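So for the sequence shown, our numbering puts the first residue at 112; every next one is plus one.
Worth double-checking, as some hints may not be accurate.
Pair ranges (Cβ atoms, derived) [to be verified]: (1) Gly224 to Lys142: 45 to 51 Å; (2) Lys168 to Gly303: 43 to 49 Å; (3) Lys300 to Lys142: 36 to 42 Å; (4) Lys217 to Phe156: 20 to 26 Å; (5) Leu162 to Gln345: 24 to 30 Å; (6) Pro232 to Glu349: 34 to 40 Å.
Below, in silico cross-link-like pairs of lysine to any residue (SDA-like), each with a Cα-Cα straight-line distance of 20 Å or less [what the hints assert, rightly or not]: (7) Lys341 to Pro304; (8) Lys316 to Asp282; (9) Lys141 to Glu268; (10) Lys281 to Arg208; (11) Lys341 to Leu266; (12) Lys242 to Thr191; (13) Lys281 to Asn299; (14) Lys292 to Asn269; (15) Lys220 to Pro304; (16) Lys186 to Pro247; (17) Lys238 to Ser252; (18) Lys141 to Phe156.
If you are wondering where the hints come from, they were derived from the structure by calculation, not from laboratory data. All values derive from a computational prediction rather than experimental measurement. Ideal Cβ positions, reconstructed from N, Cα and C, are used throughout, including at glycine.
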Amino acid sequence: PAIRDPLWSRGLGDVYKRQLRYIIWMNKIKKNDHFYLIDGSGYIFRAYYALPPLYRKSDGLPTGAVNGFCNMLYKLIEDTDKKISPTHLAVIFDSARKTFRNDIYKEYKANRGDPPEDLIPQFKIIKDAVKAFGIPSIELSGYEADDIIATYASLAENKKWSVSIVSSDKDLMQIVSNQVKLIDTMKNKTIGPNEVLEKFGVGPKNVIDVQALAGDSSDNVPGAPGIGIKTAAQLINEFQSIENLLEEYE
């Protein structure tokens, strides 16, 4: 069975309404403020695989991912200051391998191995480095970075604030809107509702239906047998939702 779970479900909204102060001061936010939410976990693995291994001479501590991550973060800050000047910025991380989704479906991401051994000691250093930049480093036990990002984005959108999410994670396309954009720095591409429609064949609000039908092999989530993205999009465009589809065929 496919897993259908909105990223901001399971009470996360209530949690982060209380914890939002770690990123912003609510009474200081103005109408035209612009939030930048960075997928820190995605940045870590990009940095690790993009650069050759690097070690500290004194004790052999691996530092290649730390170096790459910091360079990427610095470049992003420098570029956004020149082009956009975001008013609020935070880096969001996965907290651990196991999340609430593993309680729903035990095989979730079971196809993924452990992180490389020389990357593991760099996680904490990278999170400390983010704080050294003067940027909030956010994570929550039992949740993935995209859960937290989606929650913040949803709360900000409800307040009519602009949000840019720096990530190449396609799961986040389900929350794209006229106010919430996805920025893929690997492809130097900004993703809005039209780009989501081009990729999935449906608008952002129906991405979750299409993915539920088609499944997601990268997360080890099975879909309906014989149905891929194209067929799933055709079915959702015809019936508007999985619920309607199931009612029609019951």
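Status of the hints after comparison with the structure:
no., hint, result
1, Gly224 to Lys142: 45 to 51 Å, "46 Å, holds"
2, Lys168 to Gly303: 43 to 49 Å, "46 Å, holds"
3, Lys300 to Lys142: 36 to 42 Å, "27 Å, violated"
4, Lys217 to Phe156: 20 to 26 Å, "24 Å, holds"
5, Leu162 to Gln345: 24 to 30 Å, "42 Å, violated"
6, Pro232 to Glu349: 34 to 40 Å, "51 Å, violated"
7, Lys341 to Pro304, "18 Å, holds"
8, Lys316 to Asp282, "12 Å, holds"
9, Lys141 to Glu268, "13 Å, holds"
10, Lys281 to Arg208, "19 Å, holds"
11, Lys341 to Leu266, "31 Å, violated"
12, Lys242 to Thr191, "19 Å, holds"
13, Lys281 to Asn299, "15 Å, holds"
14, Lys292 to Asn269, "15 Å, holds"
15, Lys220 to Pro304, "28 Å, violated"
16, Lys186 to Pro247, "17 Å, holds"
17, Lys238 to Ser252, "15 Å, holds"
18, Lys141 to Phe156, "34 Å, violated"
Violation of the numbered hints given earlier is confined to hints 3, 5, 6, 11, 15 and 18; the remaining hints are satisfied by the structure.
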